[in-house]
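Residue numbers (the numbering used here), protein chains in the order written: chain A, 1 to 162; chain B, 1 to 230.
These are computed hints drawn from the structure, not numbers from a lab.
Please read all numbers here as calculations on a predicted model, not as lab measurements.
Mixed in with the good hints, there may be bad ones.
List of simulated lysine-lysine pairs, DSS-like, C-alpha gap at most 30 Å [to be verified]: (1) K139/A with K82/B; (2) K159/A with K215/B; (3) K25/B with K53/B; (4) K185/B with K154/A.
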Amino acid sequence: MRLIKIFLFLPITISAIIISLSYINGLGCDYEMQLPTEDGIESIAVCRMGRINVVDTDLTTNDQWVVSAINFNMGNQIYMIVTKRYKSNDGSASTVSKLDKIHQSHDGITIYHYAWALVDSKNIVLFQKIPKDEIYMAKMNGVIDLWMAIFGYKHNLSKLLD
Amino acid sequence: MKTITLGDIVFNPTNRTVICVTAGKESYQTKLSDAEKNILEYLLENPNKYITKENLISIGWEKRPVGSNSLPVAIANLRKIKSNDAFLIENLTKVGYILKIKDNLELYIHHSSDIHSIIDDTSVAFPSDAHEETSISTSIDENASSNRFKIYRLGYIMVASSLCILGWGALIYIYISWIDISCEKANINVLTCFTDTYPDNVEPFIGGGVEIIAKSGMTEDRLIIRTPKK
Numbered sequence: 001m002r003l004i005k006i007f008l009f010l011p012i013t014i015s016a017i018i019i020s021l022s023y024i025n026g027l028g029c030d031y032e033m034q035l036p037t038e039d040g041i042e043s044i045a046v047c048r049m050g051r052i053n054v055v056d057t058d059l060t061t062n063d064q065w066v067v068s069a070i071n072f073n074m075g076n077q078i079y080m081i082v083t084k085r086y087k088s089n090d091g092s093a094s095t096v097s098k099l100d101k102i103h104q105s106h107d108g109i110t111i112y113h114y115a116w117a118l119v120d121s122k123n124i125v126l127f128q129k130i131p132k133d134e135i136y137m138a139k140m141n142g143v144i145d146l147w148m149a150i151f152g153y154k155h156n157l158s159k160l161l162d
Numbered sequence: 001m002k003t004i005t006l007g008d009i010v011f012n013p014t015n016r017t018v019i020c021v022t023a024g025k026e027s028y029q030t031k032l033s034d035a036e037k038n039i040l041e042y043l044l045e046n047p048n049k050y051i052t053k054e055n056l057i058s059i060g061w062e063k064r065p066v067g068s069n070s071l072p073v074a075i076a077n078l079r080k081i082k083s084n085d086a087f088l089i090e091n092l093t094k095v096g097y098i099l100k101i102k103d104n105l106e107l108y109i110h111h112s113s114d115i116h117s118i119i120d121d122t123s124v125a126f127p128s129d130a131h132e133e134t135s136i137s138t139s140i141d142e143n144a145s146s147n148r149f150k151i152y153r154l155g156y157i158m159v160a161s162s163l164c165i166l167g168w169g170a171l172i173y174i175y176i177s178w179i180d181i182s183c184e185k186a187n188i189n190v191l192t193c194f195t196d197t198y199p200d201n202v203e204p205f206i207g208g209g210v211e212i213i214a215k216s217g218m219t220e221d222r223l224i225i226r227t228p229k230k
């Protein structure tokens, strides 16, 4: 009976602990991140106190979309739970922006999953798995999570100097 | 579930209640504490025998630490139960307690299967005297509480299995979706970061600064940092 109870309740307990710790860890985020401009779309992500806002701007049509999410950090994994996705600026009325297509096709997707590796104090490589495989090499200023704020992370560039 | 019937009283250990029906068909219900219930149940099952105080304490409180006054208080409460003198608890100094049953009364112990048969046969099996009516109504109550228990148990099983699926699902999802990144020096001034497959065409970089090559599945990206931090 005891084994059955452990089988039933241990996973949910461990999951609850992991999710709580990753939320607390994510609360320590304090950074601005500039993603490289691709296809005329500029992306800036700002994370403060566990809330992340990603602002995508189409530089040709001036359309702008904002994605707000809650940040969960576990080791070098980032899970973003999207709470709001809206168009903050309607640029050119005559042209349909590429951004509209991207965000409308992502409508309903509530989880974004990334893993990150620090190159140096300013550069970071982001590996996106959900919603699709993508790599972003971004410029970052600040700390990603509470762990980094307290203990710091070793930059991978130092491996080149060893 | 068990019910003990003695004269005009019905003792239900599960609900910890003693119901006494008087000659005027008025019923009195007494609620017992857990320890009192354990002691009364044991005394009723062993009538006319002296039971030591130590034995009663271990039966009543099941090895939990108790004060020296607890047993006398519990016995005093049991003596207060309205029972139409169906039983009497006496004390023999330095020996223990004894429960004596009134001479002409018989003790019945019903288990759940008996209770169901009692309900089925109510119309024919019992004459309508107060004692049996009480027994039947208690049996019906027990049947209802048994059904409630089954519903609660079903709810518990459903909640437990949902939580189990959710818990295992979350753990398996975290394990499967974990992105494992390896970053290593690949060549002169070249740093590679990859998830599963190693990047192709890793040439030494001699243009000043360092080259970062990242690969995940079929996706590959390169970045040149001109002013590396030393």
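Taking the hints in turn, this is what the structure says about them:
With a C-alpha separation of about 83 Å, the suggested pair K139/A and K82/B falls outside the 30 Å cut-off, and the hint is violated. Between K159/A and K215/B the CA atoms are separated by roughly 18 Å; this keeps the pair inside 30 Å, and the hint holds. For the hint linking K25/B to K53/B, the alpha-carbon distance of about 36 Å lies beyond 30 Å, and the restraint is violated. Between the alpha carbons of K185/B and K154/A the distance comes to roughly 15 Å, so the proposed pair stays at or under 30 Å and holds.
Hint compliance for this structure: hints 1, 3 are not met, and every other hint is.
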